[in-house]
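**Q** Each residue of the sequence shown is one higher than the one before, counting from 1 in UniProt numbering.
Bear in mind the hints are in silico, worked out from the structure with no lab data behind them. Do not rely on the hints blindly, as some may be mistaken.
[What the hints assert, rightly or not] The following label-pair restraints were derived from C-beta to C-beta distances:
| # | residue 1 | residue 2 | range |
| --- | --- | --- | --- |
| 1 | R39 | Y149 | 39 to 45 Å |
| 2 | V43 | A142 | 27 to 33 Å |
| 3 | A142 | F197 | 23 to 29 Å |
| 4 | G154 | V47 | 26 to 32 Å |
Idealized CB from N, CA, C, for every residue including glycine.
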Amino acid sequence: MKNSNDSTVIDVPPTAGSSKSKAAASVASRQVNAGGMKRGLGVFDFVLRLGALGAALAAAATMGTSDETLPFFTQFFQFEASYEDLPTFQFFLIAMGIIAGYMALSVPFSIVCIVRPAAVGIRLVLFILDTVALTFATSAAAAAAAMVYLAHSGNSNTNWLAICDQFEDFCQNISGAVVGSFVAVLLIMFLVLLSAFAIRNTH
Numbered sequence: 001m002k003n004s005n006d007s008t009v010i011d012v013p014p015t016a017g018s019s020k021s022k023a024a025a026s027v028a029s030r031q032v033n034a035g036g037m038k039r040g041l042g043v044f045d046f047v048l049r050l051g052a053l054g055a056a057l058a059a060a061a062t063m064g065t066s067d068e069t070l071p072f073f074t075q076f077f078q079f080e081a082s083y084e085d086l087p088t089f090q091f092f093l094i095a096m097g098i099i100a101g102y103m104a105l106s107v108p109f110s111i112v113c114i115v116r117p118a119a120v121g122i123r124l125v126l127f128i129l130d131t132v133a134l135t136f137a138t139s140a141a142a143a144a145a146a147m148v149y150l151a152h153s154g155n156s157n158t159n160w161l162a163i164c165d166q167f168e169d170f171c172q173n174i175s176g177a178v179v180g181s182f183v184a185v186l187l188i189m190f191l192v193l194l195s196a197f198a199i200r201n202t203h
């Protein structure tokens with residue numbers, strides 16, 4: 001017989017319904033957190049695309065206006081430097097224009113990824129196209145950088161004279177264009193990595 005002061009503790013096992021509700025709440029919480037992270041990645045993707053668009057446009061515009069004529073010239077001879085004189089710079093201008101156009105066209109798709117963070121197909125398409133754009137931009141930037149180096153330093157083995165001592169404004173413009181192109185390359189590289197990370201964490 002138990003004393004009246006003794007207390008009796010009765011363990012009530014959790015019901016199946018309460019366990020299921022807790023599991024459902026946990027799954028819902030994880031889905032909300034995952035959706036917020038994916039939306040944040042989409043916003044970052046959007047910002048990077050705008051940055052790459054601006055860098056590519058600036059590089060193309062700077063290269064397209066890189067013309068300089070020296071003040072000392074005669075009736076028959078004048079000394080002029082222009083991007084049109086070198087096919088490498090022409091290719092650079094076209095490539096940066098294409099990259100800028102692609103970035104502008106990809107911005108609406110980036111917005112869709114913000115609105116619908118679980119859209120895998122769009123992210124996969126952007127990942128593939130960004131990889132192509134990265135390759136294209138890198139090749140154009142590297143080729144132009146080699147020509148800028150020759151313009152500054154020359155090459156005695158091939159009788160390539162350094163022209164930047166005379167055409168200072170021209171060399172400043174083409175150097176700035178190359179710097180802008182490498183900024184675009186860096187931003188597109190981050191876009192590729194971001195798309196790969198977003199696709200990996202979709203499921």
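**Q** Against which earlier hints does the structure fall short, listed by number upward?
**A** 4
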